[in-house]
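> In case you want the letters, here they are:
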Amino acid sequence: MKSFTYERAKTPAEAAGSVAKASGAKFLAGGTNLLDLMKLEIETPTHLVDVQDIGLDTIEKTKDGGLRIGALVTNTALASDQRIRRDYGVLSRAIVAGASGQLRNKATTAGNLLQRTRCPYFYDTNMACNKRQPGSGCAAIQGYSRQLGVIGTSDSCIATYPGDMAIALRVLDATIATVKPDGATRTIAMADFHRLPGDTPQFDTVLERGELITHVDLPRPIGGQHVYRKVRDRASYAFALVSVAAVIQPDGKVRAAFGGMAPKPWRVEAGEAGLHEDPAAAMETIFSGARPTEDNAFKIPLAQRALASAVAQTRS
Amino acid sequence: MNGKGELAVSRRGVIVGGTSAVALASLPASGQERAQAQPSASMPPAAMPVAFEVNGAPVELTLDTRTTLLDALREHLKLTGTKKGCDHGQCGACTVIVNGQRINSCLSLAVQHQGDTVKTIEGLGTPANLHPMQAAFIKHDGYQCGYCTPGQICSAVAVLDEIKAGVPSHAQDDITAKPRVTSDELRERMSGNICRCGAYSNIAEAILETAGAKA
Ligand SMILES: Cc1cc2nc3c(=O)[nH]c(=O)nc-3n(C[C@H](O)[C@H](O)[C@H](O)COP(=O)(O)OP(=O)(O)OC[C@H]3O[C@@H](n4cnc5c(N)ncnc54)[C@H](O)[C@@H]3O)c2cc1C
Ligand code: SF4
Ligand code: FES
Ligand code: FES
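As they're listed, the protein sequences go chains A and B.
Counting from 1, position 40 in the first sequence corresponds to residue 40 in the numbering used here; the numbering is continuous, with no gaps.
If you count the second sequence from 1, you need to add 316 to reach the numbering used here.
These are computed hints drawn from the structure, not numbers from a lab.
The reader is advised that the hints may include incorrect statements.
To be verified - Cross-link-like lysine-lysine pairs, in silico, DSSO-like; alpha carbons within 30 Å at most:
1. A:Lys2 / B:Lys435
2. B:Lys494 / A:Lys61
3. B:Lys494 / A:Lys39
4. A:Lys39 / B:Lys394
Note that the structure is predicted; figures quoted are calculated from it, not measured.
Could you put the whole structure together from the sequences, leaning on the hints where they help?
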């Protein structure tokens, strides 16, 4: 690990200011992704701004009937909240389908959203990787790509966004609230938060330097039955090959976002309308333009089956 | 079944990608890889003071900021009960209980724990006065080599508290329900602790018995 200096910010504004001021500075929340990457020298910050003392660790009701989740709320606390379990069950389910009990106790809402890809070549510093080292090439495209993306990818990078929680946040139409170093705040829709790689795969999200996530906002509950179906190589403590976050209404209407498929949670609202009548055609719309590799073409039929099984579960 | 290019990925890379089983045997390689990583002029090491409580006793240390909680416990406080398996959050051997919650001490900096209360296997019980979970692991043969055991026991103790506090798990059919102590629940909740010797069924029995004795 490269050496770094460390400070604890007291307020969100101070944290954003500190990261903007020092080049090479990064926020540190739970540390479960950042420290892992620092040990491998994939991330090499020279200064860490620990945000554990800035507050933002509660879940509050909003005036339009939704919930406002602080950026520092842990994954365990979020999944355990009675309101989340009752009204946004897909979110609780997605969180407990991810990582391990130990990791979820430490992982935070903002850190989880910002976890980096699990592309094996991103992790192997001997290999070319445009995301880790812009311009070096992409070892995955001609390599072993079973885990990698089938849609939204580019000739520079075919990695997926690996997380579970964000897939549920996407299906729930969550928004992300931030503060920039100059004090300006903004709201970003989940749909716009993670970027497609294009020819700049080194940027995972639209966040700017020093921009701090303060909250994640959930709109008022939408009812329906909530399912998160995760397909992986072992029954627990493994990343998704394919996952689906689905909300199924009493009239049969389905909302669905997919994980493990793309550089971001994959949801195509235009395709959703047909999901309850002609799922095969709807899935074709949702995955139109997909560019799977020989190794990962199985993910598209697997996604369709995962969704069918999720829907069937709500009917039984 | 090796696909093209599979061999080009280091074993460790594939493991990090999260699809293979965690294999402790492959782990020492990561140290070598780190040593080979491109040397570049980096800043001189930065040291900082940190104070927390370990097993009821206050400790004060001045540490390189890079020191993990795990290394602080093992190398600086000589509490070697807590083990280092993977050093990357993948095995659970380093599990300790901080402010009542189990965490992976390898993925946490010591300086993140200013003012915290840390409990390790040494603080749970002593050979003369075992914690009930330790006694149950012995009774049920919940280990072979014992390397994963301190992490398993710390994790198991915290798991029973999590169930009591109503923390949900992936094993529940109804996410709104109060979780119960069942073998399926324990297996899911303990999945962050890998046992290279495969003592899982005895571990599950030891935890079930401890839970029953408590209830
Ligand atoms: C073995 C293992 C298995 C895992 N399995 C899964 C899994 O199955 N599913 C899954 O979804 N995840 C999984 N994870 C990933 C885990 O969920 C993440 O590591 C965790 O959520 C990151 O949260 P954190 O608070 O620790 O983030 P940190 O590591 O502290 O931070 C991550 C990034 O976010 C930035 N950041 C943190 N807070 C803010 C903020 N408020 N504003 C702006 N930037 C911020 C940091 O600078 C850093 O770049 C796994 C991790 C491990 C180690
Ligand atoms: S797919 Fe993306 S992350 Fe993986 S090697 Fe290629 S550029 Fe790197
Ligand atoms: S040493 Fe393996 S999880 Fe920490
Ligand atoms: S690793 Fe040997 S007893 Fe678990």
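> Please go over all the hints and tell whether each is borne out by the structure.
Results for each hint:
no.	hint	verdict
1	A:Lys2 / B:Lys435	holds, 29 Å
2	B:Lys494 / A:Lys61	holds, 23 Å
3	B:Lys494 / A:Lys39	violated, 38 Å
4	A:Lys39 / B:Lys394	holds, 22 Å
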